[in-house]
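> Protein chains in written order, with my numbering: chain A, 1158 to 1253; chain B, 1158 to 1253.
Heads up, a few of these hints could be off.
Below, a list of computed lysine-lysine pairs in the BS3-like style, where the Cα atoms sit at most 25 Å apart [stated by the list, open to error]:
1) B/Lys-1182 <-> B/Lys-1193
2) A/Lys-1182 <-> A/Lys-1193
3) A/Lys-1182 <-> B/Lys-1193
4) A/Lys-1193 <-> B/Lys-1193
5) B/Lys-1182 <-> A/Lys-1182
According to the in silico footprint, chain B covers these stretches of chain A (three or more CB under 8 Å from chain B) [as the list claims (entries may be wrong)]:
6) 1159-1169
7) 1190-1201
8) 1206-1218
Simulated from the structure, these hints should not be mistaken for laboratory data. Glycine residues also receive a C-beta, built at the ideal position from the N, C-alpha and C atoms.
There are 2 protein chains.
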Amino acid sequence: MELLITYDVDTTTPAGQRRLRRVAKACEGIGHRVQKSVFEVVCDPVQRLRLEAALTDLIDPATDSIRIYQLDRGTFSAARHLGAAIDARHHEPLII
Amino acid sequence: MELLITYDVDTTTPAGQRRLRRVAKACEGIGHRVQKSVFEVVCDPVQRLRLEAALTDLIDPATDSIRIYQLDRGTFSAARHLGAAIDARHHEPLII
């Protein structure tokens, strides 16, 4: 499945800045960063559940917000981009 | 159609801060803010073209980034939300 994950983490405190780094790290582990707080993730349902559990543990639910959109396959490649891009490739073979 | 619009605007300069405000205002005119830099938009193809043209004019393409995902109807209401929420309703009658 394709997931789009967007987040707002309150960084007005050092603890918030730590949460932001941890949320980003959890997303980096499974997805491709396309903007500062936006990740495209291609994963299976089990990976999704693990990620949601990890993110739920990391955030402060009173101040932070994470949204997870489940998209049809192909939505990422059809996305329109304006301006400066961070390259994000999915579904492509990894050449080492 | 349902669009998800996410943006990163470089706010390290006063001009960038102005662009951010203008991008947010353009999105507020047609969509519902669900996070600081994420809007859900329900519109028709003509409105989409107008919005894309307006956003293209507003940003600095060297530093700013806007992504527009076209989603299937129903994706917004199925989105998973963790933590603090900004309420966003679509497809509902407006009661004045």
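> None of the hints should be skipped; say for each whether it holds.
For each hint, the structure was consulted:
Distance check on the hinted pair: B/Lys-1182 and B/Lys-1193 sit about 12 Å apart at the alpha-carbon level, within 25 Å; holds. For the hint linking A/Lys-1182 to A/Lys-1193, the alpha-carbon distance of about 12 Å falls within 25 Å, and the restraint holds. Our distance criterion of 25 Å between C-alpha atoms is met by A/Lys-1182 and B/Lys-1193, whose separation comes to about 20 Å. For the given pair, A/Lys-1193 sits about 12 Å from B/Lys-1193 by alpha-carbon distance, which is consistent with the 25 Å threshold.
This hinted pair does not check out: B/Lys-1182 and A/Lys-1182 have alpha carbons roughly 31 Å apart, beyond 25 Å. Under a criterion of three residues with beta carbons nearer than 8 Å to beta carbons of chain B, the stated coverage of the segment 1159-1169 of chain A is upheld, 4 such residues being counted. Under a criterion of three residues with beta carbons nearer than 8 Å to beta carbons of chain B, the stated coverage of the segment 1190-1201 of chain A is upheld, 5 such residues being counted. Requiring three or more residues with a Cβ within less than 8 Å of a Cβ of chain B, the coverage given for the segment 1206-1218 of chain A holds, as 6 such residues are present.
Hint 5 from the list above is the single one not met by this structure.
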